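Chains V and G, in that order, give the protein sequences.
Residues in the first sequence are numbered consecutively from 1, following this note's numbering.
Residues in the second sequence are numbered consecutively from 1001, following this note's numbering.
Mixed in with the good hints there might be a few duds.
[Claimed, not checked] Restricting the straight-line Cα-Cα distance to at most 30 Å, the calculated cross-link-like pairs of lysine-lysine (DSSO-like) are: (1) K167/V with K1050/G; (2) K1181/G with K167/V; (3) K171/V with K1101/G; (4) K1023/G with K44/V; (5) K1181/G with K1098/G; (6) K1098/G with K28/V.
I should point out that these hints are in silico values taken from the structure, not numbers from a laboratory.
Quantities reported herein were computed from a predicted structural model and do not represent experimental measurements.
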Amino acid sequence: MACGKDGEQDSRIGGIAASIRVVPDFPKKGIMFQDITTLLLDPKAFKNTVDLFVERYIGKDVSVVAGIEARGFIFGPPIALAIGAKFVPLRKPRKLPGEVISEKYVLEYGTDCLEMHVGAVQPGDHALVVDDLIATGGTLCAAMNLLERAGAEVVECACVIELPELKGREKLNGKPLYVLVESR
Amino acid sequence: MKEVVMLEEENGGVVDPRLQAIKAAIRVVPHFPKPGIMFNDITTMLLRPKVFKDAVEIFVDRYRDLSISAVAGVEARGFIFGPPIALALGAKFIPLRKPKKLPGEVISESYVLEYGTDSLEMHVGAVQPGERVIIIDDLVATGGTLCAAINLLERVGADVVECACLIGLPKFKGGCWLNGKPVYVLVDCRH
């Protein structure tokens, strides 16, 4: 969680948390969907969100920011630009042109797949994985696997929101997770 | 405002070196997504931090003094370029998405594809009447998607100032408007 000195929460977190809208029963009944689009409509909250991540990673030798389609494409690039890192999009199947590597992961019902371009990252790259939210951790785990298969070292996963009850943090093979807001 | 401004043609024909680097950083992938299409792939540009930064800066410089209150980005590659521009301008970012991705109440605009139709959605309440908006995507080809985006914004009373893309297919060179709105393109497509 984003904390200042002495474990106090950074003063920007309250505004960020308040700007996130919960939409009940989306995409299906029983799910309380954490909607970050309202955060994006609040320029100050959006800037504070990006700043918190940038402050954490600037000067820390992160050479790659990998963003998970599609909401990771919103948060990843501003972070990459500010810290001088490459931005690598991780996409659903058949969206990336040219040669890709592919990693399957398990959904509640069935499987899905994430792809990355061959050559996007190299051994020696230090990568950050960015998405708007971590739930079960399945997608983030697939993302980390793609980067590691290409020889990069995953430094940390970074999300705006965590749903701690789904224990996604435990799926990350011991890699650290940094989040701004926990939603219970 | 000029109809289509390609920075290559300004300054008496002297090309902005940033544009040369942007064009060179775009990769052409033949026969994607299907035979005959030469796909202009911007992901290689995203691997060059200085080039990516320059592209964003060119757009930000263009819109900085135009009182833009919102940047709308077309899913998914418009999500990569729109947010950095919005942040630099102090503007809202509005994602325009494929059907059923946005939660809550949306408005929807259909558009025609080569075979069949598709649809773009925007949240109700994302933008207010009179707000000045720019629309961002990576590439403009037929203009179908951008037209749908313009329609969505105009239906809620927003003022679409311009559509901006990194890449434009040849028909956009030398002046083309979509739905009465100017289109601004950095480079023409590579073959």
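Now the hints, each set against the structure:
no.: 1; hint: K167/V with K1050/G; result: violated (38 Å)
no.: 2; hint: K1181/G with K167/V; result: violated (48 Å)
no.: 3; hint: K171/V with K1101/G; result: holds (25 Å)
no.: 4; hint: K1023/G with K44/V; result: violated (33 Å)
no.: 5; hint: K1181/G with K1098/G; result: holds (22 Å)
no.: 6; hint: K1098/G with K28/V; result: holds (18 Å)
Going through the hint list in order, the structure does not satisfy hints 1, 2 and 4.
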